[in-house]
Amino acid sequence: MTIAYVMMQNLRRNRTRTALTIIAFALPMAIFVAAISLVVALIEINAISARELRLGVHHKTTLVNPLPEGTRRKIEALDPGGKRLTAVCGMRWFGGKIPNESGTIQSLAADADTFPRVYSDAELTPAEIEAWNRDRAAAVVGAGVAETYGSKYSGWKPGGRVVLKSTVPPYLELEFHIVKVMQAKGQANVFYFRRDYLTESFKTAGIDSPDCNIFWVKCNDAASLAALQREIDQTFANSPNETKSEDENTFRAGFTQALGNLPGLMRAMAIVVVVIIALVAGNTMMMSFRERTRELAVFKAIGFQSWRIFFVVLTESLLLALLGALIGIVPTTLFLLSFPIRRMGYLPISALTVSPWAVVISVVIALIVGFAAGLWPAYQALRLKTVDALRRVG
Amino acid sequence: MALPLYYNWRNLFVRKLSTSLTFAVVATLVLVLCVLLSFAAGIRASLAVSGWPQNVLVLKPGATAESTSIITPDEKGRVVQAPGIAHGADGKMLISEELCTQTSIPRRAGEHNMANVAVRGVDATAFGVHPEVKIIEGRRFEPGQLEVIVGKAARDRFDNLGIGGEVRLGRQGNRLYKVVGVFETGGGAFDSEIWGGRTQISDSFNRHFISSAVLRLDDAAEAAAAISYLNGPFVALESKRETEYYEDLSKTTRDIVALTTVLIAIMSIGAAFAVANTMYAAVDGRRREIAMLRTIGFGRGAIILSFVTESLLVCMTACLFGLAGAMFFSGTRQDFLSNSTWTVLAYELKITPTIALGSLGLACLVGVIGAIAPALRASRVHVIEALRKA
Chain S
561 MTIAYVMMQN LRRNRTRTAL TIIAFALPMA IFVAAISLVV ALIEINAISA RELRLGVHHK
621 TTLVNPLPEG TRRKIEALDP GGKRLTAVCG MRWFGGKIPN ESGTIQSLAA DADTFPRVYS
681 DAELTPAEIE AWNRDRAAAV VGAGVAETYG SKYSGWKPGG RVVLKSTVPP YLELEFHIVK
741 VMQAKGQANV FYFRRDYLTE SFKTAGIDSP DCNIFWVKCN DAASLAALQR EIDQTFANSP
801 NETKSEDENT FRAGFTQALG NLPGLMRAMA IVVVVIIALV AGNTMMMSFR ERTRELAVFK
861 AIGFQSWRIF FVVLTESLLL ALLGALIGIV PTTLFLLSFP IRRMGYLPIS ALTVSPWAVV
921 ISVVIALIVG FAAGLWPAYQ ALRLKTVDAL RRVG
Chain R
232 MALPLYYNWR NLFVRKLSTS LTFAVVATLV LVLCVLLSFA AGIRASLAVS GWPQNVLVLK
292 PGATAESTSI ITPDEKGRVV QAPGIAHGAD GKMLISEELC TQTSIPRRAG EHNMANVAVR
352 GVDATAFGVH PEVKIIEGRR FEPGQLEVIV GKAARDRFDN LGIGGEVRLG RQGNRLYKVV
412 GVFETGGGAF DSEIWGGRTQ ISDSFNRHFI SSAVLRLDDA AEAAAAISYL NGPFVALESK
472 RETEYYEDLS KTTRDIVALT TVLIAIMSIG AAFAVANTMY AAVDGRRREI AMLRTIGFGR
532 GAIILSFVTE SLLVCMTACL FGLAGAMFFS GTRQDFLSNS TWTVLAYELK ITPTIALGSL
592 GLACLVGVIG AIAPALRASR VHVIEALRKA
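Note that the protein sequences, when read in sequence, are chains S and R.
Going left to right, the first sequence walks through residues 561 to 954 as the working numbering numbers them.
Going left to right, the second sequence walks through residues 232 to 621 as the working numbering numbers them.
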């Protein structure tokens, strides 16, 4: 009879309780893995954004107020040698949607010449950059958008043609040629196309409006970013178009507020879940130890060392926690993998994909909880006075 | 004969640790539940489908929200000829021309944390078209003055929007408007907005076209005719019932409320198992005691009742503690960005009696369900065998 066999028998002895504990563990763990996935994904996206060193410059009052196209040259003039900034890319909100569909796609017209450099995380290959430069109607699209609409419409793949209708005046309907599907996490739900195409189409519609909503300044290092942020806002202070510059993460944080601070809610949820499973596991282990006190004493009496008993009790707790965690985590992970939430909409909830990190963290948390829950009973088993325990009735 | 309550009460203190663990699980659950429910309720209230069935909202085709719509003067001229438009007390047609724009306002004094708040420029007719707008403090703005009125939710959430407060509006954010009144609509998007005179707002923001027109009809039954005229080839605008417009706007956010509900459901089921687990263990360890109770004449029913009572005792007390904890969050003001208009909607986390009673109900349900299975089992204990077992 091995120790492992004893432990398995222990779990099987009171099946109802084992099942109850496992389920009470599994359900909160299912929430936990989803919650932590979202948190991990947001942290990852933030880390990527921080590495990209992009500074967003927009109108001080609101993003809706456009800035003149010439702002770009004034920003570039702050660093003529190109020591601190790599390139500046002006963007204009298009807010396109597929005719007769309800969701608006985050679509933006970007300066064609600088886009590949400012958005190096789009990972355009030289051939794709060439296609982007050659074709005025070229567009790059995030994997999330391509996946969402690709199942319903053709054209959402490299080489395809798609038509979007803008939801902002003058509500143009334009055709685009997709040159790339971006795999970068932070770019899953965006659609970029060339701004000269938009300006040209505006002209055809009788409107001369080459303004931008935001200029993204790609900086060379963090110190330059901080310095440029100050300098740019100073340059435009007291002008008709005062600016506000913020790094990409701060800019995005403003939008994360959408959906009522979901990440905050998820973080809180994760903490509560840990507390609940810890209580459940602790409870079960106390119970199962109490009713087995005599039996453990018998083990000791027939010669098992104390540390072995300690080990048995602790491992049982760990085993329970691990089983519960797996039953909770595996279905949730499979569900999230087969129905990517990013199809549901935009940041931040679209960032909810299961990362290996989230699964690892969940399992580790479950093990820590199992360990903590088993520690006290196991310690008591270690200290157990054989004679007293054997004599006790109960 | 029923077992005395005192028996259950004493029992809880015999197993101090396990009782307090169950207690903690239920209290945490109630706390989270209350906060989640009030969060969902707050959002739902701010999205309350305001509007009137006899109001028709006119936008430019292609625009998804008022803030991205532009209506030119000649389009507006054609709108007037829609059938069935009501007339106000002054004999004027009830057509409200509205200009929707936005500005950033700090959430708290001195903070850099800015919120995008909707600003609406309206004429006096707006109050006839939207009779739900009631001034609860101060007065309406005077046309031609740099004065605004603010929604109640906006006043409570954002900095310096009380009466006498000042807010910078305009494209450059350089026109100082004075807050002269606070209005309430009984929930809905307007409550998070700032309203001012249309000509003033138009001038400050350098916006010369209106965003939307809202028509009030004599009768909701005429809406279909008006809509088909407005959407028809002569006017070629996009019109909807006002109620329909607000319902469409809140679609995504309703998904979040649904998600919250799913979370609540999973947590509750998990907690039910946790409670069942504790009760089960408590019962299982007491077989001999139960057999004893049976021997001295307590019936099965009495024993089941006793265990359910014991569980309820823990759950209800825990629920009260959880509620007390949740009350700390009550009154917290939050806001979220609507993804259709990109302006914020403010709401309040409020533990209403309904939410409190709902949590209490759930705690009871969890307590009963958690206890009933082990109680049934306990009552079935074979008396002789249980007594003999060491």
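There's no promise every hint is true.
What the hints assert, rightly or not - Which chain S residues face chain R? A few, computed with CB under 8 Å, are given here: (1) Ile583; (2) Asn606; (3) Lys620; (4) Pro626; (5) Asn809; (6) Met847; (7) Thr893; (8) Phe895.
Stated by the list, open to error - List of simulated lysine-lysine pairs, DSS-like, C-alpha gap at most 25 Å: (9) S:Lys620 to R:Lys247; (10) S:Lys712 to R:Lys482; (11) S:Lys763 to S:Lys804; (12) S:Lys657 to S:Lys717; (13) S:Lys657 to R:Lys365; (14) S:Lys763 to S:Lys643; (15) R:Lys409 to R:Lys365; (16) R:Lys307 to S:Lys725; (17) R:Lys581 to S:Lys725; (18) R:Lys471 to S:Lys657; (19) S:Lys712 to S:Lys945; (20) S:Lys725 to R:Lys323; (21) R:Lys307 to R:Lys247; (22) S:Lys763 to S:Lys657; (23) R:Lys471 to S:Lys945; (24) R:Lys323 to R:Lys581; (25) R:Lys323 to R:Lys307.
Rather than coming from a laboratory, the hints here were simulated on the basis of the structure.
C-beta atoms are modelled at their ideal positions from N, C-alpha and C, and glycine is treated no differently.
Do the hints match the structure? See the list:
1. Restraint check, Ile583 of chain S versus chain R: the minimum CB separation of about 5 Å is within 8 Å; hint holds.
2. Residue-level restraint check for Asn606 of chain S is violated (minimum Cβ-Cβ distance to chain R is 17 Å; threshold 8 Å).
3. Satisfaction of the interface hint for Lys620 of chain S is found here, the shortest Cβ-Cβ separation to chain R being roughly 7 Å, below the 8 Å cut-off.
4. Residue-level restraint check for Pro626 of chain S is violated (minimum Cβ-Cβ distance to chain R is 10 Å; threshold 8 Å).
5. For Asn809 of chain S, the interface hint is violated, the least distance from its beta-carbon to any beta-carbon of chain R being 14 Å, above 8 Å.
6. Because the beta carbon of Met847 of chain S sits about 4 Å from the nearest beta carbon in chain R, less than 8 Å, this interface hint is met.
7. Annotation: Thr893 of chain S was flagged as interfacial toward chain R, and the flag is violated, the nearest CB pair being 15 Å apart, outside 8 Å.
8. Taking 8 Å as the C-beta contact cut-off toward chain R, the hint placing Phe895 of chain S at the interface is violated, the least distance being around 12 Å.
9. For a cut-off of 25 Å, the pair hint linking Lys620 of chain S to Lys247 of chain R is broken: about 60 Å separates their Cα positions.
10. A threshold of 25 Å between alpha carbons decides the hint, and for Lys712 of chain S with Lys482 of chain R the separation of about 21 Å falls inside it, so the pair holds.
11. Using a Cα cut-off of 25 Å, the hinted pair Lys763 of chain S and Lys804 of chain S is violated, with the two alpha carbons roughly 29 Å apart.
12. Distance hint between Lys657 of chain S and Lys717 of chain S is fulfilled; the C-alpha atoms sit about 17 Å from each other, no more than 25 Å.
13. For the suggested pair Lys657 of chain S and Lys365 of chain R, the alpha carbons sit about 37 Å apart, so the restraint of at most 25 Å is broken.
14. Proximity of Lys763 of chain S to Lys643 of chain S is assessed by CA-CA distance (about 36 Å); at most 25 Å being required, the pair is judged violated.
15. Straight-line distance between C-alpha atoms of Lys409 of chain R and Lys365 of chain R comes to about 19 Å, which keeps the hinted pair within the 25 Å bound.
16. Of the supplied pair hints, the one linking Lys307 of chain R and Lys725 of chain S holds, its CA atoms being roughly 24 Å apart against a limit of 25 Å.
17. At most 25 Å may separate the alpha-carbon atoms for a hinted pair to count; Lys581 of chain R and Lys725 of chain S exceed this at roughly 41 Å.
18. For the proposed pair Lys471 of chain R and Lys657 of chain S, the alpha carbon gap of about 20 Å is at most 25 Å, so the pair holds.
19. At roughly 70 Å between alpha-carbon atoms, Lys712 of chain S and Lys945 of chain S are farther apart than 25 Å, so this suggested pair is violated.
20. A hinted pair counts as satisfied when its Cα atoms are at most 25 Å apart, and Lys725 of chain S with Lys323 of chain R does not qualify at roughly 37 Å.
21. Restraint check: the Cα-Cα separation between Lys307 of chain R and Lys247 of chain R comes to about 74 Å, which exceeds 25 Å; the hinted pair is violated.
22. At most 25 Å may separate the alpha-carbon atoms for a hinted pair to count; Lys763 of chain S and Lys657 of chain S meet this at roughly 21 Å.
23. Annotation: proposed proximity of Lys471 of chain R to Lys945 of chain S is violated, straight-line Cα distance about 80 Å (limit 25 Å).
24. With a C-alpha separation of about 41 Å, the suggested pairing of Lys323 of chain R with Lys581 of chain R is violated against the 25 Å cut-off.
25. The suggested pairing of Lys323 of chain R with Lys307 of chain R holds, with an alpha-carbon distance near 16 Å, which does not exceed 25 Å.
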